[in-house]
Amino acid sequence: MAENNTAYFYTTKNTEKTGIGAIIREHKGQGKKILRLAAGALRKTYKGALLGPMWALIKPSFTLFIMWFAFAVGLRGSGDVNGYPRFYFMLTGYIPWFYINEAIVQGARSIRQNSQYVTKLSFPMSNIMTFTNLASLIINIGLTLIMYVILVIKGYCPSVYNLQFFFYCPMMFVFFWVLTWTTAPMAAFSKDFENLISSVMTGMFWLSGIVWDTASVKNEAIRISLYFNPINYFINGYRRTFLYNQPIIAEDNYIETIIMLAELVVLMLIGSYYYRKLRKLIPDVL
Amino acid sequence: MSEKIKDALSADAQDNAEREQGSPLSAVQPVIEQTAADPDTDDITGEDFPEPDYTAPPAVEFEDVHKSYYLYSSDKARFKAMFTNNRGVKQHPALNGVSFTIYPGESVGFIGRNGAGKSTILKMITGVSFPTGGDVTVRGKVAAMLELTAGFSPEMTGRENIRMKATLLGLSEDEIEDIMDDIIDFAELDEYIDQPVRTYSSGMKMRLGFAININIKPEILVIDEALSVGDARFRKKCRKSIRELIRTGVTVLFVSHSVDALTTTCNRAIYLKEGKVEFDGSVVDALELYNKDVEEIRRKRREKREAKKKKAHERLEKLKQKKNGQK
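If you're matching them up, the sequences are chains G and V in order. Just add 149 to the spot in the first sequence (first one is 1) and you have our numbering. Just add 27 to the spot in the second sequence (first one is 1) and you have our numbering.
Incorrect hints may have been included.
Heads up, incomplete: computed chain V residues facing chain G, CB under 8 Å, no partners named [claimed, not checked]:
hint	residue
1	F127
2	V165
3	S180
4	E182
5	M191
6	Y227
7	S228
8	E271
Computed cross-link-like contacts, SDA-like style, restricted to lysine to any residue with a CA-CA straight-line distance of at most 25 Å [to be verified]:
hint	chain 1	residue 1	chain 2	residue 2
9	G	K269	V	E202
10	G	K269	V	D251
11	G	K182	V	L198
12	G	K269	V	E323
13	V	K263	V	L173
14	G	K208	G	F354
15	V	K103	G	D341
16	V	K244	V	Y97
17	G	K426	V	N113
18	G	K208	G	K429
19	G	K426	G	T268
20	G	K269	V	G178
21	V	K336	V	E323
22	G	K162	V	Y227
23	G	K182	V	F157
24	G	K429	G	L410
25	G	K340	V	T164
26	G	K426	V	Y99
27	G	K269	V	K336
28	G	K177	G	K426
29	G	K340	V	D102
30	G	K426	G	R174
31	G	K196	V	Y227
32	G	K196	V	L198
33	G	K182	G	K340
34	V	K303	V	D102
35	G	K162	V	K107
36	G	K340	V	F110
37	G	K193	V	V224
38	V	K168	G	G291
39	G	K303	G	Y317
40	G	K426	V	K300
Since the hints were derived computationally from the structure, they do not count as laboratory data. Beta carbons: idealized from backbone N, C-alpha and C, even for Gly.
Okay, chain G solo, but in the shape it has when bound (with noise of 0.2 Å):
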């Protein structure tokens, strides 16, 4: 009976005073069902198409496609970077962003358009936040495999450097998902920055160095600047790990990483302010 029952114990006295607490706790031993919801969040966007999740992959291996034709076959005089041809410079850029683009966009709306799950359930509201990033890492995972066989054909790969991609992508998915935790909820609360996010993540790609390198931007003062874009930090760490065969840390990029490290940390507590915030509000205003 209710008794000895602990798992299903549900009060509201002695709640987490900050955000994270509130956060870490709502993910204690839901790994599983975190997992399971990702992978159905998946089935779900691709429902009813005979190819299911396979079309995440097929529609921006498509675009690659597309760029490959127009850098490689097309724009023949396009010139190479960093003496790497553009393609593959452009390459190892794209699969990073098509998953921050996915991660901040999709992150943002993911409470608006899992409303029932706050509306109708008593759900854990950050586990939403985390499902809908993890589904956008396994479509993105699948399409660096794609990237790395490209790279292995070529002849940039394998390397030692690329085991680095066990740090960059990880730290690419905490930063993004501690994004959401201010984010989600705001956008779920007013329409209006949901909408803003997705105006200027259009700019955003331009801004950041995806199809040309901000490591060679002339004016110092811009290309110091750019550091502070965390999008540049991770694309520029894929490069060296698959492309450039550089460290992690090295003397050109040690500012970058704790510029990167600093706004994570202001993230989170900016995140942890609004979650906490936001979190009793959204079911009413929902």
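Let chain G serve as the given structure and place chain V on it in line with the hints.
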């Protein structure tokens, strides 16, 4: 139970229905509940209730719970509120200090007029809404028969939806596999279970929702009066399974205006008035009190109406006199 109370309540339900013009369903339901409830409720009797366990830790505990909803005047106000900590936003108090304790095995009915805070309390028990003040504690697996079709993904099959919903309710994979066949049997969906839910009729969705909720073996069962699933035969089956659950000592929280349903299903009633507990005790006493208040309100309304009529009549008389005077 006196006939008078019954009549008053059914009339009140009609009044309520008239005010809620939103959905045609709500306009019809309370009336149906009144007339057709008897065959369904007959099979639940007082003997079915096991003695509540008052020594156990309470299943539901409300301690001076307050709740007020923010009323944003516009989207702009809502956007602004995100940064100003809701300063200056109008609030609507829904609960003003509600305290009660429900022990495992009790079966409690909530009565009260629209807007008394019944739904807010149920939402808090299911963990969907949070109090602005005070504390709520719930011990046990809650199954809410509030919105049965909530949370279904239309593109996924019935089977996938069962798995999904059970996952969300916190069941493990093994537990889900164990109850899967029971749910499919109960919902009577047969080969439709592997079809996408968007192809289901509303009755099929309801049946599936009910089957899931009843088969997860809840310890606390929350039932709303608007519950009407499928045809009379299926409703009977639902009643039967609810009764079986009650027998096993499950805690039942029941919201209804139906006197029959309350007297047969509950051994305790809480009467809510304007966000406060007006009365907490036996069902008969609660209904008596509720009925008295309802009478009072109806009397006032009638007086108002009569006063209006009188006024109109006087005006008419005056006009007539004027006309006569002109002649």
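Subject >> Restraint check, 8 Å cut-off on beta carbons, for V:M191 near chain G >> reply: holds (6 Å)
Original post:
Taking only the CA atoms, is the gap from G:K426 to V:K300 under or equal to 25 Å?
Top reply: violated (30 Å)
Original post:
Given the hinted pair G:K269 and V:K336, is their alpha-carbon gap at most 25 Å?
Top reply: Not OK: G:K269 and V:K336 at ~46 Å, beyond 25 Å, violated.
Subject >> V:K244 paired with V:Y97 [C-alpha distance capped at 25 Å] >> reply: Distance of about 36 Å is beyond 25 Å: violated.
**OP:** Quickly compare the C-alpha distance for G:K182 and V:F157 to 25 Å and report which way the hint goes.
**Re:** OK: G:K182 and V:F157 at ~23 Å, within 25 Å.
**OP:** Quickly compare the C-alpha distance for G:K177 and G:K426 to 25 Å and report which way the hint goes.
**Re:** It holds: about 21 Å lies between the C-alpha atoms, which stays within 25 Å.
Subject >> G:K196 paired with V:Y227 [C-alpha distance capped at 25 Å] >> reply: Judged against 25 Å, a Cα distance of about 17 Å means the pair holds.
Original post:
Does the CB of V:S228 sit less than 8 Å away from some CB of chain G?
Top reply: Interface hint status for V:S228: violated (20 Å vs cutoff 8 Å).
**OP:** With a cut-off of 25 Å on the C-alpha distance, tell me whether G:K269 and V:G178 pass.
**Re:** The hint holds at about 7 Å.
Original post:
Is the hinted pair G:K340 and V:D102 satisfied, with a Cα-Cα distance of at most 25 Å?
Top reply: holds (9 Å)
Original post:
Would the pair G:K426 and G:R174 pass a check requiring their Cα atoms to be no farther apart than 25 Å?
Top reply: Roughly 16 Å between the alpha carbons, so the hint for G:K426 and G:R174 holds.
Original post:
Keeping to a limit of 25 Å between CA atoms, is the pair of V:K263 and V:L173 held or broken?
Top reply: holds (18 Å)
Checked against the numbered hints given earlier, this structure breaks hints 1, 6, 7, 8, 12, 16, 18, 22, 24, 25, 27, 33, 34, 35, 38 and 40; the rest are met.
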